[in-house]
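Position 115 of the sequence shown, counting from 1, maps to 115 under the UniProt record's numbering, and the rest follow consecutively.
Hint data in this document are derived by calculation from the structure and do not stem from the laboratory.
There may be inaccurate statements among the hints.
Stated by the list, open to error - The calculated label-pair distances, taken between Cβ atoms and stated as ranges, are: (1) Leu119 / Ala280: 21 to 31 Å; (2) Gln157 / Lys77: 50 to 60 Å; (3) Phe161 / Pro59: 15 to 25 Å; (4) Phe18 / Leu337: 26 to 36 Å.
Every residue, glycine too, gets a C-beta built ideally from N, C-alpha and C.
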Amino acid sequence: MLTYAIRRLVLSIPTLLFISFVIFMLLQLAPGDPMAQVPLTVPPEVKQKMREALGVGEPALVQYWKWLVQVFWIEPKVFIDWLTRDSWLLGWLPDTHLYNGQLRVISWQTRSPVMDIVLQRIPQTLWVVGLSYVVGVLIALPIGIYSAYRQYSVFDQAGTFITMVGFSIPPFFTGPLLIVIFSVYLGWFPSIYDTTHVVHDWASFKVQLMQMIMPVMVLAFQTTAQLSRYMRASMLDNLNQDYVRTARAKGLSEAVVVMVHVLRNSMIPVITVIALGVPAIFGGAIITENVFKVNGIGQLLITALFANDLPMVMTLTFIFAVLIVVFNLIADILYGLLDPRIRYD
1 MLTYAIRRLV
11 LSIPTLLFIS
21 FVIFMLLQLA
31 PGDPMAQVPL
41 TVPPEVKQKM
51 REALGVGEPA
61 LVQYWKWLVQ
71 VFWIEPKVFI
81 DWLTRDSWLL
91 GWLPDTHLYN
101 GQLRVISWQT
111 RSPVMDIVLQ
121 RIPQTLWVVG
131 LSYVVGVLIA
141 LPIGIYSAYR
151 QYSVFDQAGT
161 FITMVGFSIP
171 PFFTGPLLIV
181 IFSVYLGWFP
191 SIYDTTHVVH
201 DWASFKVQLM
211 QMIMPVMVLA
221 FQTTAQLSRY
231 MRASMLDNLN
241 QDYVRTARAK
251 GLSEAVVVMV
261 HVLRNSMIPV
271 ITVIALGVPA
281 IFGGAIITEN
291 VFKVNGIGQL
301 LITALFANDL
311 PMVMTLTFIF
321 AVLIVVFNLI
331 ADILYGLLDP
341 RIRYD
């Protein structure tokens, strides 16, 4: 398994390089000028010097090479310096001072390093997206198990109807619908997520919880709809197997048969789906963050697209590509660990 994981990690490097090259070349075809938002009073020669400072106007391959050096060489040095200087984990180590002022990936919109902005936004996204995925998984698994065990019951029929609704309704409709119902008419929850809110006592924690409920509900609804169907189908496939009849014939209780033998085998494909669903839920957060004004990386990507901020768009799309490759590897490894019949080495 270790050999397989190392081999997959090595093979993922050319895959990510190819993905980054395709993304970069596609963005080069998009119209946009980093000086578009500069005041008209700025002289043309000053604008030209600013373009040259940002690397605009050079051949596309040269720009791509500079971006690779900045992302894979300069940014890791900045990160290592931060770890040994400011982090609570390794801050006790001597400062490495690896970064010595080289040009980093600069946002055209804010004129500041892209990775600094991304790191400021990630905690907000992880709070909303991470919690929604955990909630969705915890709700979906029991629903799928009970629906399969009580096939064609009222609970199963209701669950099938709700999951079909969850598949059919996109987040850009569910989000405004919840805002109209729970914020406008009932006044229970705030419609806008306050990213500046700080939790320091029980009262502030309740405020944070109230503003997280609706965005978490929107994302968890889709996760629940998808995973519950996979869980139900996997359980139904295993409930009719010979080993289940053998376990019942040996006198094992129904709870042990279902929750130990059937559930363990049924979780093998579902765990893979859960791992592969993590990048997808980050993609879904792009819409949800804009609906509820969550100041995360999803809203950052939309803002960068509207502002023609190509370095920001390039970096964020590459981060999503890395998530997909990493969680595909995690899914394969988990599948091999859960199913002893699978051997990668």
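Here is what the structure says about each hint:
{"no.": "1", "hint": "Leu119 / Ala280: 21 to 31 Å", "result": "23 Å, holds"}
{"no.": "2", "hint": "Gln157 / Lys77: 50 to 60 Å", "result": "58 Å, holds"}
{"no.": "3", "hint": "Phe161 / Pro59: 15 to 25 Å", "result": "57 Å, violated"}
{"no.": "4", "hint": "Phe18 / Leu337: 26 to 36 Å", "result": "29 Å, holds"}
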